[in-house]
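Visitor: Based on the provided sequences and hints, a complete structural model is requested.
Number of protein chains: 4
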Amino acid sequence: MAAPSDTSELKGLIASGALDPREIVAVIGKTEGNGGANDFTRALATLSFALALEPHLGRAKEAIMSEIAFVWSGGTEGVLSPHATVFTRSNASTIPPASPRLALGLAMTRDIAPDEFGTPAHVILVADAVRQALADADIKDPADVHYVQVKGPLLTPAAIASAKAAGQALVTDDPNGSKPFARGAMALGVAVGLGEVQAEKVTPASIARDMNLYSKVASTSAGGELTKCEIILFGNSPSASSDYSIGHATLKDALDASAVGAAARSANAAVEDIVTVFAKAEASTMLRGRRTTMYSDADINYERHARAAVGAVIASVTGDPAIFLSGGTEHQCPPGEAPIAAIVRARS
Amino acid sequence: MAAPSDTSELKGLIASGALDPREIVAVIGKTEGNGGANDFTRALATLSFALALEPHLGRAKEAIMSEIAFVWSGGTEGVLSPHATVFTRSNASTIPPASPRLALGLAMTRDIAPDEFGTPAHVILVADAVRQALADADIKDPADVHYVQVKGPLLTPAAIASAKAAGQALVTDDPNGSKPFARGAMALGVAVGLGEVQAEKVTPASIARDMNLYSKVASTSAGGELTKCEIILFGNSPSASSDYSIGHATLKDALDASAVGAAARSANAAVEDIVTVFAKAEASTMLRGRRTTMYSDADINYERHARAAVGAVIASVTGDPAIFLSGGTEHQCPPGEAPIAAIVRARS
Amino acid sequence: MAAPSDTSELKGLIASGALDPREIVAVIGKTEGNGGANDFTRALATLSFALALEPHLGRAKEAIMSEIAFVWSGGTEGVLSPHATVFTRSNASTIPPASPRLALGLAMTRDIAPDEFGTPAHVILVADAVRQALADADIKDPADVHYVQVKGPLLTPAAIASAKAAGQALVTDDPNGSKPFARGAMALGVAVGLGEVQAEKVTPASIARDMNLYSKVASTSAGGELTKCEIILFGNSPSASSDYSIGHATLKDALDASAVGAAARSANAAVEDIVTVFAKAEASTMLRGRRTTMYSDADINYERHARAAVGAVIASVTGDPAIFLSGGTEHQCPPGEAPIAAIVRARS
Amino acid sequence: MAAPSDTSELKGLIASGALDPREIVAVIGKTEGNGGANDFTRALATLSFALALEPHLGRAKEAIMSEIAFVWSGGTEGVLSPHATVFTRSNASTIPPASPRLALGLAMTRDIAPDEFGTPAHVILVADAVRQALADADIKDPADVHYVQVKGPLLTPAAIASAKAAGQALVTDDPNGSKPFARGAMALGVAVGLGEVQAEKVTPASIARDMNLYSKVASTSAGGELTKCEIILFGNSPSASSDYSIGHATLKDALDASAVGAAARSANAAVEDIVTVFAKAEASTMLRGRRTTMYSDADINYERHARAAVGAVIASVTGDPAIFLSGGTEHQCPPGEAPIAAIVRARS
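Protein chains in written order, with full-length UniProt numbering: chain A, 1 to 348; chain B, 1 to 348; chain C, 1 to 348; chain D, 1 to 348.
Be careful, since some hints might not be right.
Because identical chains share one entry, a pair is satisfied inside a single copy or across any pair of copies.
[As the list claims (entries may be wrong)] Okay, derived cross-link-like pairs now, DMTMM-like style, lysine to aspartate or glutamate, Cα gap no bigger than 25 Å in a straight line:
#1 Lys216 x Glu337
#2 Lys179 x Asp138
#3 Lys179 x Asp6
#4 Lys228 x Asp253
#5 Lys228 x Asp6
#6 Lys11 x Glu54
Just so you know, the hints here were simulated from the structure itself, not pulled from any lab data.
For clarity, every value in this text was computed on a predicted model and none was experimentally measured.
Guide: See below:
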């Protein structure tokens, strides 16, 4: 993408027949904003994609934005390249190949109430939706799930004010402080939904605090414009006939280049088969015994330092700077580590 | 270093006897500033190191600052770690080992006149000093030289004003615009001094413009506070008895992790033998066919993006974020590439 | 505006009948981007306004964007507030009031050819269009003109490449370096069109260089997406029946609070009558004998420092942080100064 | 100052005899850093000033740094100019002038224990030291005090760890989160010491929370390198014979230019008599009914936006950009407002 509003390649794929716009279910990409509260590149990209699809889908942009899952992460630090990966789903009656292939499952919770936000109730709602997404993807074994992208609401100033007026207790009264609770509750919802964590272990005190409870395939993000949690589940299904499959691994730290190959191997493939990577970048104050300055830098946010570093490490292995890399890993991996998933061209 | 003023590890090495302060000839390191015109962390580090050495050397800080070569690069983006590498030279009458070992050669030009600045005369003065440094290091074959750090003057506003008042022609009237000429003329001086480029090929029109003329071992930086060019030449000498040797290679682009191993092999060693790395980071608008946003980002300077990325790639190979990495590669490598040198623990 | 995409107040004015969308001729505002090459808030605001007007105008957004002049300046540093001022023009047969009132004149040049760009030909094309805008506003005396907003093209990389392939000479081969030529040629076009500068004084060597040639009412900006120069001329016309009139003055430096009152007085009004202000902010290295750090700061662009300061000074006089304030004053005022215009509620 | 290390003007004043270095008691100034955790310009300035004074005072820099109060605020946004104001005190037996004149009082608390930090005990220790400073300045009436600069410790990670190991309760376990408690407890200490707030109103729950308790003359800052609270009290004393006096006022918001004149009048002088200004800048999300973007900007810290704006407003009144302006106003003024003090040339 030459800019967040650039849809020329999308239009080209549609014009050439390579992409059937009616089959699009999700768009996941990076935009060149700062990734912060005043990053409007994500909104511009969503609006531009919806407008580009309007003439093809015969529906208004508002309907398109609610039907297709748009997930953008702002911030293309270092070598990272602005791009979008468009996911389609077709009901082609092809005979499934010998090995399980990439399948997507979509689901959505109902609205999360302010007094549910960041509590076990929030976790359970996400877990239920994850199970629906599993069924939607026709995946029986949760071990075949390799990446679950969830986006959901924050506590907005307005929601906080009305909840307090109604005498409701909230996990925090600070809109910014609600981010870890949002990401954390959704990640634990994935973990519970996939059986990685038992539901009864999730107590009010553990959410966003006890980082020894985690999923290994969740990637969660939160935004004030949302009211429900949207799940896009990626796994390998025996009934799928895609040319791709997916695997995952864990980055032990920001320098763990070996995790890229591990993610490919987890999909029964090699580094050269990778077509796209989803990962999270985690900042740290110490790295392999050395002090870093990510957290003490008042000019550049620590998430930007982390994305620049981890993005370059991954791209140095795959050769491709078009990586989906975002920040905030609460309950999405063991403490200090970060999740990585790779979609590969299937070998058999 | 816990801060640019932190000399506690230096003092510890001296107190333990591991380091004889009288043998220090150069200090090369990274500080946690922004690397720009308002980066005062370099000045603070030099002042702090000189003050820490005062009681040991029995000389005033001003004398110490002029006798020891202090080279700091500001900017520890991504994983890069603030640190200093202290180089010593002793006349120990040890029997030299079988293989050539790390030797340093030091030399200095006279003051560069404003009307010489950025011209072939500037190049020749540096080339002469490089030859002196070769002799100082007792290196006969220029092929044994792997890294030549040169720092020298910029055209300051004051120098420009007085030169114009005297009717002298300058290569540029813009202090900031004098940086490429400074770095370029010094790099070509290294190239001529080591025989990589023939002196007669260096014309006024080629400096900072014809990037097909280059050294492969130069690393140059410029500062308004200097009047002479200072050379620190690193190579392997048969008469040296250091435990270390040095090699170099070229980063083909910002993702070229293989260059780290190539630099080690050039020193007859392997990646695990590397003790420290010197490299340059080069920004680009396209990388392996993908657009990057380093140059279009108005919030973060492109050199900071490049250092964050290249630093992480190198550290992902060596496991050590304490890398000396700076920007600006004019005439220091083939266009689009970047130099890298590695000091290794010698194997034999 | 709560965000660059926020059109709720525009919609409210239309819904209430306070604003007839068919009468809108121009929108001038500030958005909360960084004001640099990667500021996409301007594009998002234009797109959002055009989409908001689509159902009211019965035309597609592309037509609306070409018919209505959208002028956004990115960067709301310090106290500056994101906002839009919407200008309408109606042919109401009201009896004109006793005093001349605010009138707008619109005009456009043809495409500027690359080899015309930044040359006297560019200036003449703008001057001709300014004269058309004068007629369009029904203003006879150029002294009644107080603000001329012009936006026009830059030399894009593509235009430079094709011009060079065709053997054409350009004023610069650097896209970024073409900004001063763009702003300068358009400002001189205003000066020539209004008789402030004689056409024969504009030589190829004077554009973007001889700052003693200037308009006192021009405000120009350039963007790579444009091919023509668009003029929005603001003045007082005896045939206008607006409730407003306009005046202008000059900020002698960034601290010149007195210029705000001078601009109001120039419109026969007082500070308390001001409804909106258009101004430019100019950075400097010295101010009233003191050194500033605007230009040496590598973290924050000098234009952002200047806008933060000048915006606060103006707002401290008017009490209103919703000011249109942008940067780059070439040929738009005497060297070191900056233009300011004020629209006031007319007293008689 | 041309840089944080520039002491040339200090040396010039000493060389000319205008300044007796033995009489220096305090240095208060601005440096051109970012004002954040990685701003090392303050340390460089203190070190440089102490080194410049060494030969004149015949004592080591460490002694000088502990005897003279150095107060630096990093961040010269907008028009603000890097500078230092040097305060001297002499026991000259001059006959005091008719009106009270500027007098300084200095005092220091003992070390603040971690479990006292941010509690009423902290407040009482500062209040006691403020009373000592009053006596030191020979000021009987607290109404004659116009500015009390206090700097003191933060809770460091080390202090937090050892206090927790000892089972002590702390007001916060977050080093960064200790800033408001530090500034707040010191400001309330000033308020109690001067009788602005009754000691019994200061409860554990009120510190850094109940902003209706405040001093109107306190200016407090905190740093991890300190263990005690240092007080520099400025007021007018009948026994002083300085050429200057001091007054103060309150900025109602970031645009309140009238406060500058009010501060001068409070010293029985006019704006043109002002020689230096001390003030605080307070960011806000709304200003005179308009939204600002200071807090939502992820690229530039809100304190930098606020300093750029308020500094320009004050300088537009005094004509002098060399203003001491810092951030963080807890308990130092009514909520939403900010303190300002002006030293003036005394008229009678």
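Visitor: For each hint, tell me whether it holds in the structure or not.
Guide: Each hint, compared with the structure:
1. Lys216 x Glu337: The answer is within: 10 Å in one copy meets 25 Å, while 38 Å across copies does not.
2. Lys179 x Asp138: Classified as neither: same-chain Cα gap 32 Å, cross-chain 53 Å, threshold 25 Å.
3. Lys179 x Asp6: between (29 Å within a copy, 24 Å between copies)
4. Lys228 x Asp253: Neither, since 32 Å and 39 Å both go past 25 Å.
5. Lys228 x Asp6: Classified as between: cross-chain Cα gap 22 Å, same-chain 28 Å, threshold 25 Å.
6. Lys11 x Glu54: Both. Shortest intra-copy (11 Å) and inter-copy (22 Å) distances satisfy the 25 Å Cα cut-off.
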